[in-house]
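Chemist: Just so we're aligned, residue 1049 is where the sequence shown starts under the numbering used here, counting upward by one.
Since the hints were made in silico from the structure, they are not lab data.
Just so you know, not all the hints are guaranteed correct.
Stated by the list, open to error - Below, computed lysine-lysine pairings styled on PhoX-like, alpha-carbon distance capped at 20 Å:
(1) LYS1361 with LYS1324
(2) LYS1324 with LYS1359
(3) LYS1268 with LYS1247
(4) LYS1373 with LYS1359
(5) LYS1361 with LYS1373
(6) LYS1373 with LYS1324
(7) LYS1268 with LYS1068
(8) LYS1208 with LYS1076
(9) LYS1162 with LYS1190
(10) LYS1190 with LYS1201
Keep in mind the model is a prediction, meaning the values are calculated, not measured.
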Amino acid sequence: MNILDMRGVCKAFDGVPVLKNVNLSVEKGEIHALLGENGAGKSTLMNILTGVVPMDAGEIAFDGRAVAQPSVTESERMGIAFVHQELNLFPTMRVYENLFLRREYTNRFGTLRKRAMIERARSLFDELGVDIEPTALVSELKMGQKQLLEISKALLFDAKLLILDEPTTALGNEEIEHLFGILRSLRDQGKSFIFISHKMPEIFALCDRYTVLRNGEFVKCGAIADTGAEAIARLMVGESYVDRGLYRARALGDEVLSLDRLTGVGFENVSFSVRKGEILALTGLQGAGSSELMQGLFGASPIEAGAMTVKGKRMSGHTLHQAMKAGLSMLPSNRKENSVIPDMNILENMFVSEHTLSARRQHIDRRAERARYDEMKALLNIKAESGAQMVTSLSGGNQQKVFLARWLCAGGDVLLLDNPTQGVDVGAKAEIYQLILQLAESGKTILINTLEIGEIQKVADRCAVFYDGRLLTILNHDQIDEQTVMMYSTNAIGAIGGRNQ
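Generate coordinates for the entire structure from the input sequences, incorporating the hints supplied.
Modeler: Below, the structure is given as structure tokens:
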């Protein structure tokens, strides 16, 4: 039996259709994958379901009852909860305060019943197997705990259908497995989920059925067991889709970056060298040291011991500004917190790093910047109307391109890309892979940190695998496969030391 039926849903903004006769059905007690590229219409469809925007035409039925035009209040009352990718939590408030926000327990005099709320929160967390202290500040929680807190908020008031938008973007492997275990348990208890993700392994590990949207239109739905990742990708981007991000070998130049027993926050005794035009992938389980190394290289965290040489010159100090002057650039993970400057437009976001390096100049040459913007827009295929457009109006993939352009405009020769395809769709990923290969062919030296083995195989000349803060091995391109990388990532082969090549 279906808990949700959406039929013939249409929506246009300023006369431009964004949803055209879209259908979506979700059964009771299932995890349903809603798939499509950024801009396919997923968010608009979910915003209609949760009452954020009205539909122009169509029919909606929830839990056996027709809903003419849901409002936000009605959607919540019916039992629909939307857990967004950008978590809606107040970090300076305590866990139980976030949990009961707008639904606080009070006595007949209007006084808050804090003890009752804390006890109910603790009981809920125990039921879910969630390790969170109700009186802790949200700012003290790990990202995985924040994600589970958002889900707990929905379940506290008996949500029947939970919409999860990219819930694993900032989670490690263990946190993802814990989350999936909770979702499976809730599914077995009769809860239903709409699961939005661009990560194919997660879709096939967790979901029961799928619906694909493309360009605002319904494409296909079916059982996950009856399809495959390649078939889904083709449905999402069309039959013209080709995997343009395939690895291409290239001639490498002289050594550009060299590390000698480098030690810092989260990593120790790391030694390797990278050549001009080379792409070195860093990987390992979450917290293994690869992302931490990137932050150390860029001066975002302190170097405690060892030496680092860039283009033949040893780094004597190690601040962000010194790293930038030496030619290092970094695209950090968690785009929203670490890259987006939401109050600035695309042009301003693109040139903020270059302005830092040229701070002694008295004037900004707007004409030159606009010309450079046009060049970057064409080079990186940034889909935007103009540089005056706010950066927050762009899709995740196009935002990443803007931030990559930010560092190209600053003249970086060594690009540190930490999870560069995080939260972008399959088509945008293919474009980013192609860009990485093109930049390497133009002479840029690139370090890319990612947990996705398929991503590493598409672009990397070599792969450095970390475990518990140490570099265990560096694999050549033809040695990179999921089983080998995972054996080193989990140290299943034993602590064999750093086989640095």
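Chemist: Hint by hint, note whether the structure agrees.
Modeler: Evaluated hints:
A threshold of 20 Å between alpha carbons decides the hint, and for LYS1361 with LYS1324 the separation of about 15 Å falls inside it, so the pair holds. In summary, the hint linking LYS1324 to LYS1359 is supported, as the alpha carbons are separated by about 9 Å, within the 20 Å threshold. Taken as a hint, the LYS1268 and LYS1247 pair is honoured in the structure, with Cα atoms around 18 Å apart against an allowance of 20 Å. For the proposed pair LYS1373 and LYS1359, the alpha carbon gap of about 12 Å is at most 20 Å, so the pair holds.
For a cut-off of 20 Å, the pair hint linking LYS1361 to LYS1373 stands: about 12 Å separates their Cα positions. Between the alpha carbons of LYS1373 and LYS1324 the distance comes to roughly 18 Å, so the proposed pair stays at or under 20 Å and holds. Restraint check for LYS1268 and LYS1068: satisfied, since their Cα atoms lie roughly 14 Å apart, inside the 20 Å limit. The straight-line distance between the Cα atoms of LYS1208 and LYS1076 is roughly 9 Å, inside the 20 Å bound, and the hint therefore holds.
Under the criterion of a C-alpha separation no larger than 20 Å, the hint pairing LYS1162 with LYS1190 is inconsistent with the structure, at around 24 Å. Between LYS1190 and LYS1201, the direct Cα distance comes to roughly 17 Å. Compliance with the 20 Å bound is thereby established for this hinted pair.
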